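Here UniProt numbering is used: the first residue of the sequence shown is 1, the next is one more, and so on.
Rather than coming from a laboratory, the hints here were simulated on the basis of the structure. Take these hints with a grain of salt, some might be off.
Claimed, not checked - Computed cross-link-like contacts, DSS-like style, restricted to lysine-lysine with a CA-CA straight-line distance of at most 27 Å: (1) Lys-104 with Lys-90; (2) Lys-104 with Lys-89; (3) Lys-128 with Lys-83; (4) Lys-230 with Lys-83; (5) Lys-201 with Lys-89; (6) Lys-181 with Lys-205; (7) Lys-31 with Lys-201; (8) Lys-104 with Lys-67; (9) Lys-90 with Lys-71; (10) Lys-186 with Lys-90; (11) Lys-89 with Lys-118; (12) Lys-118 with Lys-83; (13) Lys-212 with Lys-71; (14) Lys-44 with Lys-205; (15) Lys-90 with Lys-113; (16) Lys-43 with Lys-181; (17) Lys-104 with Lys-171; (18) Lys-44 with Lys-186; (19) Lys-43 with Lys-71; (20) Lys-205 with Lys-171; (21) Lys-186 with Lys-212; (22) Lys-31 with Lys-89; (23) Lys-90 with Lys-31; (24) Lys-171 with Lys-118; (25) Lys-83 with Lys-44; (26) Lys-90 with Lys-212; (27) Lys-44 with Lys-90; (28) Lys-128 with Lys-30; (29) Lys-89 with Lys-43; (30) Lys-71 with Lys-83; (31) Lys-186 with Lys-201.
Since the structure is predicted, the reported quantities are computational estimates derived from the model, not experimental observations.
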Amino acid sequence: MKNVKKYLKRVVAIVLAIMCSLPVLGAPTKKLPIYCVNTNGEKKVALSFDAAWGADDTDELLATLDKYQVKATFFIVGDWVRKYPDMVKKLADAGHDIANHSNKHPHMNQMSKDAIKKDIMAAHEALKNVTGQEANLFRPPYGEYNNAVIEAAQECNYYTVQWDVDSLDWKEYGLQQLIDKVVKHKNLRPGSIVLLHNNAKYTAKALDSIIKGLIDQGYTLVPISELILKDVPYTLDHEGRQQPVR
């Protein structure tokens with residue numbers, strides 16, 4: 001009898017283990033955006049600016065980027081395009097990446113895939129109308145995403161791009177704190193993507209020192225369009241690091 005009870009306990013334990021594993025086994029794979037790139041040690045990094053509110057400091061950003069002959073990537077909201085079309089044209093004419101940051105800056109992880117695609121394409125058309133360019137880089141508002149967001153962007157012919165070096169410039173800690181946050185960031189490495197905002201309080205003033213600090217460490221600054229892998233098969237590791245299929 002004791003052996004029978006032991007056997008039954010084992011059977012119950014096995015059945016429970018299988019049942020507990022079923023939701024995990026059946027769960028869809030979480031899709032990731034690109035957070036950084038494996039550059040095989042080549043010391044390249046990209047500066048990116050999210051443009052959603054205000055444009056007062058953007059000319060100063062442009063002047064500093066031009067001073068160092070650095071091209072950056074600007075993720076622009078559709079409403080910003082409509083409010084500041086001349087500035088968008090100026091960014092494009094200066095050779096910077098013009099990228100999509102949604103049309104209305106919504107919380108996309110709360111939207112259906114069709115609604116997400118509609119929003120992305122509204123911003124796409126706004127950018128195209130001003131610059132004549134077909135944008136193909138997308139950053140979701142608030143950095144929020146789920147599988148529907150990634151899939152919607154892919155179906156709109158976009159690469160979804162996040163960042164691995166967050167300046168936290170929107171928190172307005174101070175000028176030197178912002179500079180140090182970028183150039184001394186624990187994640188800074190070849191292939192990093194830096195997040196900044198075009199109209200945060202200290203960003204325009206900090207940019208010169210940020211660029212100089214990165215150059216002094218041996219980095220070359222390139223736009224995201226030149227950093228990420230596009231024309232070769234690639235994979236993303238668990239950190240969202242893009243690397244070629246070998």
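We went through each hint and held it up to the structure:
{"no.": "1", "hint": "Lys-104 with Lys-90", "verdict": "holds, 22 Å"}
{"no.": "2", "hint": "Lys-104 with Lys-89", "verdict": "holds, 20 Å"}
{"no.": "3", "hint": "Lys-128 with Lys-83", "verdict": "holds, 15 Å"}
{"no.": "4", "hint": "Lys-230 with Lys-83", "verdict": "violated, 31 Å"}
{"no.": "5", "hint": "Lys-201 with Lys-89", "verdict": "holds, 23 Å"}
{"no.": "6", "hint": "Lys-181 with Lys-205", "verdict": "holds, 14 Å"}
{"no.": "7", "hint": "Lys-31 with Lys-201", "verdict": "violated, 34 Å"}
{"no.": "8", "hint": "Lys-104 with Lys-67", "verdict": "violated, 32 Å"}
{"no.": "9", "hint": "Lys-90 with Lys-71", "verdict": "holds, 13 Å"}
{"no.": "10", "hint": "Lys-186 with Lys-90", "verdict": "violated, 34 Å"}
{"no.": "11", "hint": "Lys-89 with Lys-118", "verdict": "holds, 23 Å"}
{"no.": "12", "hint": "Lys-118 with Lys-83", "verdict": "holds, 20 Å"}
{"no.": "13", "hint": "Lys-212 with Lys-71", "verdict": "holds, 14 Å"}
{"no.": "14", "hint": "Lys-44 with Lys-205", "verdict": "holds, 23 Å"}
{"no.": "15", "hint": "Lys-90 with Lys-113", "verdict": "violated, 32 Å"}
{"no.": "16", "hint": "Lys-43 with Lys-181", "verdict": "holds, 19 Å"}
{"no.": "17", "hint": "Lys-104 with Lys-171", "verdict": "holds, 22 Å"}
{"no.": "18", "hint": "Lys-44 with Lys-186", "verdict": "holds, 16 Å"}
{"no.": "19", "hint": "Lys-43 with Lys-71", "verdict": "holds, 16 Å"}
{"no.": "20", "hint": "Lys-205 with Lys-171", "verdict": "holds, 15 Å"}
{"no.": "21", "hint": "Lys-186 with Lys-212", "verdict": "holds, 18 Å"}
{"no.": "22", "hint": "Lys-31 with Lys-89", "verdict": "violated, 33 Å"}
{"no.": "23", "hint": "Lys-90 with Lys-31", "verdict": "violated, 34 Å"}
{"no.": "24", "hint": "Lys-171 with Lys-118", "verdict": "violated, 31 Å"}
{"no.": "25", "hint": "Lys-83 with Lys-44", "verdict": "violated, 33 Å"}
{"no.": "26", "hint": "Lys-90 with Lys-212", "verdict": "holds, 24 Å"}
{"no.": "27", "hint": "Lys-44 with Lys-90", "verdict": "holds, 25 Å"}
{"no.": "28", "hint": "Lys-128 with Lys-30", "verdict": "violated, 31 Å"}
{"no.": "29", "hint": "Lys-89 with Lys-43", "verdict": "violated, 30 Å"}
{"no.": "30", "hint": "Lys-71 with Lys-83", "verdict": "holds, 23 Å"}
{"no.": "31", "hint": "Lys-186 with Lys-201", "verdict": "holds, 23 Å"}
Violation of the numbered hints given earlier is confined to hints 4, 7, 8, 10, 15, 22, 23, 24, 25, 28, 29; the remaining hints are satisfied by the structure.
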